[in-house]
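S.K.: Chain residues, written in single-letter form:
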Amino acid sequence: GENVEQHPSTLSVQEGDSAVIKCTYSDSASNYFPWYKQELGKRPQLIIDIRSNVGEKKDQRIAVTLNKTAKHFSLHITETQPEDSAVYFCAASIFVGGADGLTFGKGTHLIIQP
Amino acid sequence: ETGVTQTPRHLVMGMTNKKSLKCEQHLGHNAMYWYKQSAKKPLELMFVYNFKEQTENNSVPSRFSPECPNSSHLFLHLHTLQPEDSALYLCASSQEAGAYEQYFGPGTRLTVT
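Chains A and B, in that order, give the protein sequences.
Our numbering puts the last residue of the first sequence at 114; the count rises by one with no breaks.
Our numbering puts the last residue of the second sequence at 113; the count rises by one with no breaks.
So that you can see chain A by itself, here it is in the shape it has in the complex (with noise of 0.2 angstroms):
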C-alpha cells in the first residue's frame, strides 16, 4: 500500500515570511495529492490539490508543487498570516479506477509568529 512521509512535524516562522512543508510517497501509481488544513479543534478543510499532469498549481498565497520523478510534493505559503497556523496534512491517492481513501502523512504544525 502507499506510504507517505511528511516533514517536518513542527515549523515555526516569523509572519510575512514563507513556510515550505515536504512529503514523499512510495506508489509511483499515486497521481493525486491533496493538501489539507486543520486549525485547532476544526475538521480538516481541502486548501490545494494537484493531479499528476502538472508539476504545479498556485492559489493565491499557496502553491504545490510535484516532482513525480523523485516522488515528492510540497506546500508553499508565502506572506504567512496569523491565520495561516494549523496542522497542514498532505495526502496522496490513485485518481484513476481508484476507489480507495486516501493515505495521509502525519501532519505538519504550522506556527506563525508575530
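Think of the hints as simulated: they come from the structure by calculation, not from any bench.
Calculated cross-link-like contacts (lysine-lysine; reagent style DSS-like; alpha-carbon spacing at most 25 angstroms):
(1) K22(A) to K37(A)
(2) K106(A) to K40(B)
(3) K42(A) to K19(B)
(4) K36(B) to K42(A)
(5) K40(B) to K42(A)
(6) K71(A) to K41(B)
(7) K22(A) to K40(B)
(8) K41(B) to K37(A)
(9) K37(A) to K22(B)
Some chain A residues well away from chain B (every beta-carbon gap over 12 angstroms; in silico):
(10) P8
(11) A19
(12) V20
(13) K22
(14) G55
(15) K58
(16) A63
(17) T65
(18) H72
(19) S74
(20) Q81
(21) I112
(22) Q113
(23) P114
In this text, all values refer to a predicted model and were calculated from it rather than measured experimentally.
Ideal Cβ placement from N, Cα and C applies to all residues, glycine included.
Position chain B against the provided structure of chain A, taking the given hints into account.
M.R.: For chain B alone, kept in the frame of chain A given last:
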C-alpha cells in the same frame, strides 16, 4: 443541516459496552470514510465505502464494525474496545472514492475507560 454531520460529538464508554457512531452526509456523495485521529497516528484511514460497497478495510480490529445502509449514512459499531481506542473518529464523504475532495464531519471524541 448541510454538509457532513456526526453523532454523538462526545462518547465515554466502558470496555464492555456496545455503542454506535453515526455519520450522515447531505452532499449527494457516493463515497464515505471512517478515520481515526489520535496524537500518535493522525488521520488513520479505517474504512472506505464506495456506492455502499466496502472497498477498503485498513487492517482494523474486528471490535470496530462499519455499516453503510445507503450512500448518505455510515455507522461505526463499537464493542469491547480498549483504552488505546480512545481518539477522535472522523467521518468524511466525497463524490466518489479516490481522487475527489473529501468533506469531513466534526468528529466524535471517544474515551474508553
